[in-house]
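J.: The residues making up each chain are set out below.
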Amino acid sequence: MTGPPNGLRRTIGLRTVISTSAGLTFASSTFLVVVTVGMLMGGNGSWLPILIAGILCAIAAAAFAELCGLYPNAAGIRVYVQRAFGEETAQVVALTYMSVVTLVVGAEAYVLSFVLHTAIPQIAPPIWIFLMITLATAANFRGLKVAGMLQDIITYTVVVSIVAMSVLALHRTEFHVTTLLHPGAPGSLFTAVGIAIFLFVGFEWVTPLAEEVRDHRSIARGMFIAVILLTVVYSLVATAMFATTSRVALFGTIAHRTPAPHLVFALASLGRAGEWVMIVTSLFMSLTTFNAGLISVSRFIYASARDHVLPARFAHISLKYATPDVAVFTIYVIALAVSMAVYLTRSFVTLINLAAVTEAIIYSFALATVASLRKKDSDRTRPYRMLGGLSLAITGSILFLLVGLGVVMQNNPAAWGAGILLVVIAVGWFAYVRKVVLPRKEQIKLQQKQRRNSRRAQSSEEI
Amino acid sequence: MSSNEELSHSLRTFADDCNANEKLRVMNRDWNRVIHIHAEDTLADYTLTCHEGTVVYSEGTPANCDLRVAANCEVLTQVFYGEVSPNEPYNEGTLRVDGSEDDVLRLDFITAMLWEE
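Sequence order for the protein chains is A and B.
Under numbering that gives the first Met the number 0, the first residue of the first sequence carries the number 0, and numbering increases by one thereafter.
Under numbering that gives the first Met the number 0, the first residue of the second sequence carries the number 0, and numbering increases by one thereafter.
The following block holds chain B by itself, in its conformation from the complex (with noise of 0.2 Å):
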């Protein structure tokens, strides 16, 4: 089982990546969105503000955001690692993301070209 800090570390390793990528910043130079990731086991927050292209991670629950990604601490950990596709825990319904239509799949694209591509 995975523990906060695990998916703490699993949460800045996904900033850090989303970063360092070059093609990741190109496309999302406009999408400016904060994300609120809900662990529901262990009742941990934090937040990944998009601004720019730049991804920071910070600990704790936004005042606003635009999506909502909540699951329990071992599907989040998995998912921000890259361990997981994040389509196999959400069509399995253990992962929930909360948002607009667009936002949730621009969130899948970002996990598509970092692991994927």
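Excised from the complex, chain A in its bound form (with noise of 0.2 Å):
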């Protein structure tokens, strides 16, 4: 089935797409993987592998542009991965892929509650990791979430907000940036872009908006502007932190990082106006995260429940809201004890690498899932077809897959770490997938089957 059903209303335009597909990106944590990434190019490079980065995950927005015509389905990834690598496949993957974003929840809320503290430090980070997270999941449970015009909102205020500070930064060093073609040794380049690929997590969650579009064609369109203006916003604060801003103010140490590097920058370069404009803006950007990540998570736990993947307890309905509940409260409970272990550890770094390596996995099986499907389903209509066919859709999979690795294959804990806790996670719920789920599965299927034969005969009689 092709372009849009009759009589279906649709009320999307491009600039909503936009802005919700690059708004899902930004996040306060961010700001971490700008200055690692500069550190990595020692400073004024920085804008090189968050460049490649962007243009690796063009690529992969084609992907996601050509699946999303294919299956426009708001399962998304699970479901490519499915018709391309089988449900056992689908089914770790977006586990894995789940748990994963409830870990940077975590991770975000540590690094918000440090900015909230620094604008009222009467309040201690993990109080505001609270009321944060609670608030957050009071919306999610009323079925609040940021959409439409507060997206535009939100995510322009962001993008001119940013652009304007560090155009503002780089005027006090009168636009002079030294060694700005540095481009740094070439296996940090290549750890560099890896990380980097943190900055544009999340862009393709506009998929699910697909069958609400008036334009069928702004999905993909959205989804390459988003990624060109995410390049240029970040090429651009990482320009403007590294030329106005100490190194060792912005990075901390290995085992005492910055947790909030953009205030030291607003700090450092505006001045308090320029702080409390970067505290606002920080906020703005964290409310996307949180309201995404927890209504994904508790929708996507919602699903499984009601694919028989997790106990069917969690797919409970709360009547007089209308959402999930039980699921809510579940994610609600994890990100808490999340961010509360990441507060006490610090272990974010971990975190922000873990994110940076599972999304560039996430790319590269989209990639390949296009390059499967070209074959296995290749009678199915396209409304859209990425460029480069399938020999760039193998070479942009098997990239996406080196850079991953580069991610965790860093000489330190934090990279490692991350690469470790991935391969327990994954593990883990392959185990759990191959155990529970598919001989769970095989019985309900043949419970539906018993219940099909007697109500056919039921209803023939009926008929």
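Hint data in this document are derived by calculation from the structure and do not stem from the laboratory.
A portion of the hints provided could be inaccurate.
[Claimed, not checked] Here are the simulated distance ranges between beta carbons: (1) A:380 x B:11: 40 to 46 Å; (2) B:57 x A:310: 36 to 42 Å; (3) A:279 x B:11: 29 to 35 Å; (4) A:427 x B:44: 45 to 51 Å; (5) A:123 x B:57: 56 to 62 Å.
[Stated by the list, open to error] Which residues of chain B face chain A? A few of them, derived with a C-beta cut under 8 Å, are: (6) 26; (7) 80; (8) 89; (9) 93; (10) 97; (11) 98; (12) 99; (13) 100; (14) 104; (15) 107; (16) 108.
[As the list claims (entries may be wrong)] Here are the simulated lysine to aspartate or glutamate pairs, EDC-like style, with alpha carbons at most 20 Å apart: (17) A:319 x B:51; (18) A:319 x B:21; (19) A:444 x B:21; (20) A:440 x A:214.
All residues carry an ideal CB built from backbone N, CA and C; glycine is no exception.
Could you fit the two chains together into a complex? Lean on the hints.
T.: Written out as structure tokens, the structure reads:
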């Protein structure tokens, strides 16, 4: 089936597709990545790995545009991988991905708690963590979400704010930036590209809007424009940060990383007023991350319970608010526990590395899926076909896998720790799917068959 | 294989079950939507109109709709009889539901409350 179905009401335009795609990736924790990338590149050449990561993500965007046209489905990557590589792989990929998203919400809460603690020092970071996650959960429980016009306002405010602060900061240096073309060591560039993937995490989560857009081409266009916008914004702010602020102040030490380097930058280059603007900007950035993260994971838990992957109790629905209350509460408890654990262990860099490598693998899977489905579902209509076809899909898939490996191959515990954590999560879910889910589903299929036969006999009589 | 008569019967049964379920009527009291059901193999069209908690079945294509559910007749019949969870064909790509994310989820809530609870 192709094209827009007749009579279906569609309200979303390109502007909102762009703001949703870019807005989902904005997070306060992205500044930690900007600083890590800058340090790997020796400072001012940080725009280069961001640009390369942006180009790679544009290839991934092309893959998601093709897949979303092929299978317009809110379950996204879970469905694409299932069609290409079977249910077992799809379940493990989806469960691992959602586990990592939950951990990233924990890291984000940690960073934002420090930002808000800077604004109101009387309130300690753990209390901010509790307040923010509780508020975000209350909104989730009521079914409120950042969307449409509100998403437009938040995203474009963040873009204008970061660009304006970066240009103002660079103006103070009279736009004189040394070693701008310093490419860094080849190994460092490779690792920096992998870590920079984190700056684009979630741009593809806009694909569930495919059935709400006025023009079906908007999703592909919106993702491309969002990736370009993110590349420009992060390249600019990375350059401004390293051109105006001391590296030691931005980074801290390996043992004690500065949790909110963007505030250090804003204060150093634009004074107290700049710091306040950055606090508000950071709050906006985290708002969409919490909202999208908590909603996506809670809905995923609900859908997994409906699909007999997780226990049925997670599919319970609140009659009053029409939301999956048990799933929402579960993710609340997990997010709170993770955030507090991150606060106590200060392990947020490990989680950011974990997210970068996981996202690189997800994008690798997306491109491999395009390649596989070009053969498996060759007859199915594709409203959008990615340029470069099979060869670009395979090359892109390998590249993402390599840059993902580059993230965990660094010689520091936060890097290889992320690799070990990812393997533990994936192997854990693999064992669960194989030992629990697949036998359970077989049993349910048998029950469904029996139910179908008896109901058919009954309905035949009634007809 | 299912026929159009069976699909039509499954949809009428679905509407009756929804209307008989007090919890569902409460949950859907402010969810007013028009759902178009399209059988891709037999090209049959049906409409379910949800208004203030009551579901009304009719035949034919609506002028405007909020949700569009499309699959072959067999899959649709199984889904609306509650024989399979819509998640299965949806995740397999054999059932397509067009509409806003929230409306798609609400439709799934309805089937969950009818047959799973």
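J.: Please name the hints from earlier in the document that this structure breaks, with their numbers sorted from lowest to highest.
T.: Numbers 1, 3, 9, 19 and 20, in rising order.
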